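These protein sequence lines are chains V, X, D and H, in that order.
Quick note on numbering: numbering that gives the first Met the number 0 labels position 19 of the first sequence as 18, and the sequence is numbered without any gaps.
Quick note on numbering: numbering that gives the first Met the number 0 labels position 287 of the second sequence as 286, and the sequence is numbered without any gaps.
Quick note on numbering: numbering that gives the first Met the number 0 labels position 36 of the third sequence as 35, and the sequence is numbered without any gaps.
Quick note on numbering: numbering that gives the first Met the number 0 labels position 207 of the fourth sequence as 206, and the sequence is numbered without any gaps.
These are calculated hints, taken from the structure and not from any lab test.
Computed from a predicted structure; not experimentally measured.
Any given hint could turn out to be false.
[Claimed, not checked] Listed next, the in silico DSBU-like pairs over lysine-lysine satisfying Cα-Cα at most 30 Å (straight line):
1. X:110 x H:241
2. X:273 x D:62
3. H:497 x X:49
4. H:346 x X:51
5. X:105 x X:218
6. H:241 x X:218
7. H:241 x D:133
8. D:136 x X:273
9. D:62 x X:276
10. H:497 x H:20
11. D:62 x H:241
12. H:241 x X:246
13. X:169 x X:105
14. X:273 x D:133
15. X:132 x X:105
16. D:62 x X:105
17. H:420 x X:51
18. X:132 x D:62
19. X:169 x X:110
Each chain, written out:
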Amino acid sequence: MSDHSSSEHSSSLGTYIAVWLALIAGTILTVVAAHINLGPFNAAVALTIATVKALLVALFFMHLRGASEKLLKLVVISTIFFLFILLALSMADYGTRVWS
Amino acid sequence: MFDNFPLWPQRASTSAGGVDALYIFLVIVSAMMIALIFTALVYFAARYRKQKGVRAEQIEGSTPLELTWSIIPLCVFMVIFLWGAVVYFKGRTPPRDSTEVYVVAKQWMWKLEHAEGQREINELHVPVGRDVKLIMTSQDVIHSFYVPVFRMKQDVLPGRYTMAWFRATKPGTYHLFCAEYCGTQHSGMIGSIVVMEPAQYEAWMSGTPSGPLSVAGEKMFAELGCSTCHRSDGTGRGPNLQGVFGKPVALDDGRTVMADENYVRDCILDPGAKRVKGFQPIMPTFQGLVSEDQVNALVAYVKSLAKVQPGTKTAAVAAQTPPAETANASQKASLKGSQVE
Amino acid sequence: MPDSSAVAVGQSHGETHNPALLHHFATEQQQRDSASLGMWIFLGTEVMFFGGLFCAYLIYRLKYFGEFAAASQTLSWQLGMTNTIVLICSSLTVVLAIWAVQRGKRALLLSSLILTLIFGFAFLGIKSIEYAEKFEKHHVPGPSFQFANVPLPGHPGEMANPAHAQLYFSLYFIMTGLHALHMIIGIGIFAWLLYASWHGRFTTEYNTPLEIGGLYWHFVDIIWIYLFPLLYLIDLRK
Amino acid sequence: MATATAQPAGQTIERENYLNKHYGVGSWLLTTDHKRIALLYLISLTFFFFIGGFFALLIRLELLTPAGDLVQADTYNKLFTQHGMVMIFFFLIPSIPATLGNFLVPMMIGAKDLAFPRINLLSWYLYIIGGVLMLHCMLTGGVDTGWTFYVPFSTAYTNTKIIEAGLAAFVAGFSSILTGLNFIVTIHRMRAPGMTWSRLPLFIWAHYATSIIQILGTPVIAITIVLVAVERFLHLGIFDPKLGGDPLLFQHLFWFYSHPAVYIMILPSMGVVTEIIACFSRKRIFGYHFVAMSSIAIAVLGFLVWAHHMFVAGISLYAGLIFSFLTYFVAVPSAIKVFNWTATLYKGSITYEAPMLYAFGFIGLFTIGGLTGLFLACLGINVHVTDTYFVVAHFHYIMVGGALMGYLGGMHFWWPKISGKLYPEGWARLAALIVFIGFNLTFFPQFILGYVGMPRRYYAYPAEFQILNVLSTAGSTVLGIGYLLPMIYFLWSMRYGKPAPDNPWNAAGLEWKTASPPPTFNFDEEPVVTWEAYNYEQLDEHEQEVPVAG
Ligand code: HEA
Ligand code: HEA
Ligand code: CUA
Ligand SMILES: [Cu+2]
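The task is simple: from the sequences and hints, build the whole structure.
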């Protein structure tokens with residue numbers, strides 16, 4: 000059952016600092032990108048950067064990467080999947096209202 | 000009028016038959032499934048009841064069997080779905096050129112206005128054999144317009160129009176129910192639909208004093224000052240509304256929408272949401288200044304203008320060939336946006 | 000491997016085990032794994048909790064594009080960015096604290112925890128500056144809300160509908176307010192963790208509460224990572 | 000069977016068990032023993048069931064005559080609202096998971112307790128806080144929105160106690176989330192050695208699927224309630240069309256939870272029925288893996304279909320098509336289950352103790368309820384029957400005929416384990432029969448009523464609907480008696496019943512391998528599992544007469 004996983008071996012101090020720097024850089028990048036008019040892509044770029052940042056936090060700070068067990072990843076993935084369903088199927092109504 | 004112990008509702012519209020047929024199909028399918036399952040249950044229960052010396056036979060299962068009883072039901076389901084979808088599609092798409100009735104629901108009554116101008120409360124007179132389209136909205140909470148004998152139901156929402164239609168086939172007086180719970184007197188929000196032979200209907204119509212709804216709308220159009228901007232000669236600051244209704248309109252933000260009842264309604268109550276391309280955003284909102292009935296009249300008037308040949312500078316025309324100066328203005332605006340930085 | 004260094008103190012079952020090991024678990028590893036799985040699942044529920052709000056935001060933003068942009072531009076991206084950086088720094092101190100406790104570095108543990116709390120308060124402080132500004136500008140939804148004569152970005156001369164702008168601010172306050180509530184809870188948790196660490200409750204072997212608390216803190220950070228662009232940035236240039 | 004602690008049946012000296020280990024109020028109210036918490040739940044749930052049932056009886060009495068004569072219109076509206084809320088949030092959603100699930104999940108997988116015993120207790124307290132709020136709300140004015148809380152009626156037009164009722168559901172929701180969380184972690188982390196995933200009883204699989212829904216669905220209703228409360232307090236326009244809000248957004252969010260929630264109510268019951276059928280036909284379940292996976296499939300697909308409650312609410316035509324289409328997919332795993340149960344009987348060695356009678360009742364009524372769900376999911380028919388008594392009949396068939404039957408069946412099946420006493424078999428069979436007859440008499444006429452066009456939530460109705468309503472009311476009194484009976488004889492048996500042997504049904508499953516009632520940590524030794532679930536073959540090897548209860 001419980002295969003010995005957990006965060007016994009957390010990453011090294013160097014990794015943490017690097018991730019932290021990357022997060023700061025991401026923040027600055029997203030602010031800069033927001034000042035450029037990319038039309039509809041502003042939102043896409045901002046959300047992409049946010050997702051990368053969230054991934055960094057989850058993988059390194061929350062030790063999702065180190066977790067040898069797939070289970071935790073499964074929890075994360077399925078949560079995102081159901082969130083996606085909520086948004087996507089609501090849009091199935093709102094997005095098609097103009098046609099009917 | 001009403002049978003005392005009904006087991007089946009009367010059919011009084013063209014779509015009722017279709018719904019009933021589908022229903023009967025489903026009843027038969029279900030009855031067959033129930034018969035199958037119950038027979039199996041009862042037979043197994045009796046045949047394999049515990050007997051001395053007879054042990055149960057352990058059976059793992061069988062993938063082919065599992066697939067059979069997943070796929071066959073799924074196919075049956077798909078038939079049900081498709082058939083249901085067709086019936087639904089028909090029931091929700093009003094035919095062109097139907098007679099229009101505006102419905103305003105409020106706690107706890109129905110107000111109905113014929114396009115010809117007759118106003119009724121909790122009672123709707125319609126002739127046999129004519130398509131009637133209902134354009135419905137609510138003043139307060141959600142209600143639902145339900146006529147069982149027509150097999151027709153549609154929620155009535157505040158803040159927008161919902162549509163429904165029917166064509167009555169049988170003279171008589173039928174129930175009109177409010178089917179969405181709407182407060183204390185929800186169950187008292189009952190009216191009747193009076194279906195009449197065309198001749199009788201004409202007599203009823205002429206016996207009821209009125210002018211067409213669009214005429215009332217026209218008066219309001221002048222009183223509210225709409226006509227100062229929307230001139231029929233195209234010289235106003237707003238688009239000429241002739242010939243607008245029922246056509247696609249190009250909007251400022253690049254979308255193109257159909258000028259239907261909801262669109263006109265939004266134009267009056269929330270002009271900011273959908274700006275017509277090529278015009279200044281000067282039209283004020285009339286939210287709070289006009290009642291639901293008045294909005295209906297205005298909408299009816301704008302619709303009546305659709306039959307008039309479009310003059311110049313309507314939105315539809317403007318959409319194709321935007322007047323030079325406004326087009327420039329909007330281009331400038333977007334350029335300005337990207338030039339910062 | 001897990002129960003290796005546990006100190007034997009008298010127990011009900013007469014086995015030797017760590018006092019922090021609850022009786023219904025067989026091993027410490029099992030207990031730790033259960034706790035972290037439990038926390039991850041709880042975070043899943045939190046995602047869906049905020050998910051309802053994201054859904055509302057998505058739908059109204061598409062519906063009232065202009066007003067959302069106009070309202071969004073009244074926010075200060077400078078303050079938003081500062082807060083983002085503050086939170087990121089706090090996340091770093093949280094991992095440092097765990098790193099420290101696993102290596103028995105008490106001083107680093109305590110100072111990281113204290114820093115985390117400071118960052119947490121800093122975030123709330125900045126947030127309250129922003130809220131105060133909204134009050135002054137009458138941007139708080141309700142009877143005193145005002146948003147008259149604000150042009151729509153990209154459409155000079157066209158004014159935003161105050162009711163729709165109010166929708167933006169309603170969602171803004173509910174989303175950031177719930178996020179701030181989570182921050183306050185997080186600060187509570189970390190205050191307790193600091194207290195417990197001070198008293199040497201955590202060892203190189205047993206530090207599950209720190210890890211669990213850390214997961215929560217990082218999660219709150221992630222929510223902000225999405226709120227920041229959605230509320231402050233994506234409509235900056237329209 | 001390494002660790003079976005066989006006890007001679009009918010032993011007189013009471014062993015130490017979870018019931019008699021400690022005495023006193025404190026030892027119950029502060030317990031972290033999952034079995035005691037299950038009993039706490041059982042008592043509180045039963046209380047709420049009778050309150051909800053009491054409302055139901057008043058509803059039925061009012062509907063005896065077409066005129067609104069027994070109560071006021073407002074009172075009637077409160078009656079069905081509170082009937083629905085109490086039955087759903089305070090009875091059926093927690094019913095099986097919090098009682099039988101709480102009691103059995105750790106035991107069936109060979110654990111000493113749930114992973115988080117204190118959270119388990121917390122979840123009971125949350126339930127009680129929610130329940131007390133609900134009671135307070137009902138006693139000081141009540142709510143009249145229908146259990147669906149549709150806006151803008153609930154946010155702007157009613158002056159009843161929405162906030163309090165919403166808060167009650169909110170708190171109860173967290174109780175439900177915590178239960179689900181506890182189950183998932185327990186099932187993942189606490190299984191006894193050898194208890195692999197494919198050896199899990201299907202009851203566990205059903206609870207696992209249920210927990211997924213509880214965890215991912217409930218938070219959405221929680222935030223929706225928050226939005227309603229905020230809207231009501233401050234009137235922000237989130238749902239008010241006058242301020243640009245969209246009332247349908249509420250319905251989307253509400254049903255995003257509340258449709259999956261119906262599977263929270265039915266899945267555990269399906270789990271119970273699976274156990275019962277295996278035991279009383281002395282067979283392994285036909286197609287174990289398909290039954291297990293169909294539970295998961297129901298949980299996942301259940302999230303894709305919510306807008307089938309909104310076909311005439313003003314959603315787009317295309318959304319209607321999409322959601323109707325998807326709804327049919329969630330019916331397939333239910334079909335798989337029904338067919339597998341039936342197939343399990345084939346070549347079995349079947350006996351008809353009370354739990355089995357309830358299980359038969361479940362299959363029959365659930366099938367009817369489910370098939371009428373297909374009517375509702377069919378767009379063309381939904382337009383006519385939505386918001387009529389057809390819907391009322393559909394969901395009572397599933398929830399009362401299905402879920403509640405399963406719950407009662409489970410209570411009978413595990414009662415010897417829970418209480419250590421045997422219930423009177425004859426009475427139990429009689430009760431099952433009365434419930435079955437009363438149930439059909441109450442709710443079958445409502446299908447007809449619905450198709451003829453009687454809208455739901457009507458306090459007065461046109462006279463031509465009366466006869467069918469009278470039948471329904473008559474049935475509900477029979478049904479009431481059917482539910483009172485078990486309550487009486489269960490209580491009776493606690494004092495006067497014969498002591499139960501450890502395994503009165505000679506059933507498979509770890510819970511039967513420990514004492515009745517079980518000791519505090521469930522097993523005297525940690526069990527090691529070396530056999531498949533439903534190993535009735537082995538159990539019947541030494542064919543001794545099974546001691547039949549009663
Ligand atoms: C436990 C509760 C529960 C369960 C399990 C279900 C299960 C299903 N429900 Fe039901 N439902 C409710 C409780 C439940 N429902 C409630 C409470 C409401 C009303 C809420 C309110 O408005 O107050 C409701 C309302 C409701 C509606 C909306 C009605 C309306 O208001 O317009 C719809 C529409 O699609 C629907 C459909 C279904 C379907 C398709 C299933 C399916 O899952 C059923 C699947 C099962 C089977 C299909 C039977 C077994 C299958 C076979 C034997 C296969 C063989 C068959 C063939 C080959 C044909 N339900
Ligand atoms: C688990 C869920 C559940 C259960 C078990 C029941 C059980 C019953 N329900 Fe209910 N019902 C709902 C869930 C449930 N219902 C929901 C969700 C609604 C929709 C609400 C809404 O529209 O918002 C509804 C609505 C509803 C209506 C429609 C009201 C309307 O639309 O106007 C009716 C009408 O007949 C009804 C009847 C019954 C009956 C007769 C029972 C019977 O099975 C009850 C039998 C039980 C008893 C009779 C109790 C026995 C007790 C005694 C005899 C002792 C007396 C009591 C005291 C001394 C306190 N219910
Ligand atoms: Cu109007 Cu119900
Ligand atoms: Cu549903």
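Hint-by-hint comparison with the structure:
About 20 Å separates the Cα atoms of residue 110 of chain X and residue 241 of chain H, which keeps this hinted pair within 30 Å; it holds. Taking the CA atoms of residue 273 of chain X and residue 62 of chain D, the gap is about 10 Å. The hint holds against a cut of 30 Å. Of the pairs offered as hints, the one joining residue 497 of chain H and residue 49 of chain X holds, with about 25 Å between alpha carbons and a cut-off of 30 Å not exceeded. Between the alpha carbons of residue 346 of chain H and residue 51 of chain X the distance comes to roughly 14 Å, so the proposed pair stays at or under 30 Å and holds.
At roughly 25 Å between alpha-carbon atoms, residue 105 of chain X and residue 218 of chain X fall within 30 Å of each other, so this suggested pair holds. A hinted pair counts as satisfied when its Cα atoms are at most 30 Å apart, and residue 241 of chain H with residue 218 of chain X qualifies at roughly 26 Å. Note on residue 241 of chain H and residue 133 of chain D: the hinted pairing holds, with a Cα-Cα distance of about 24 Å set against a maximum of 30 Å. Taken as a hint, the residue 136 of chain D and residue 273 of chain X pair is honoured in the structure, with Cα atoms around 28 Å apart against an allowance of 30 Å.
For the proposed pair residue 62 of chain D and residue 276 of chain X, the alpha carbon gap of about 18 Å is at most 30 Å, so the pair holds. For the given pair, residue 497 of chain H sits about 21 Å from residue 20 of chain H by alpha-carbon distance, which is consistent with the 30 Å threshold. For the suggested pair residue 62 of chain D and residue 241 of chain H, the alpha carbons sit about 15 Å apart, so the restraint of at most 30 Å is met. Pair hint residue 241 of chain H plus residue 246 of chain X holds up; C-alpha atoms about 27 Å apart against a cutoff of 30 Å.
About 28 Å separates the Cα atoms of residue 169 of chain X and residue 105 of chain X, which keeps this hinted pair within 30 Å; it holds. A C-alpha spacing of about 28 Å is found between residue 273 of chain X and residue 133 of chain D, which places the hinted pair at or below 30 Å, so the restraint holds. The suggested pairing of residue 132 of chain X with residue 105 of chain X holds, with an alpha-carbon distance near 19 Å, which does not exceed 30 Å. The straight-line distance between the Cα atoms of residue 62 of chain D and residue 105 of chain X is roughly 26 Å, inside the 30 Å bound, and the hint therefore holds.
Our distance criterion of 30 Å between C-alpha atoms is met by residue 420 of chain H and residue 51 of chain X, whose separation comes to about 28 Å. Between residue 132 of chain X and residue 62 of chain D the alpha-carbon distance is near 28 Å, which keeps this suggested pair within the 30 Å criterion. A hinted pair counts as satisfied when its Cα atoms are at most 30 Å apart, and residue 169 of chain X with residue 110 of chain X qualifies at roughly 23 Å.
In summary, this structure violates none of the numbered hints.
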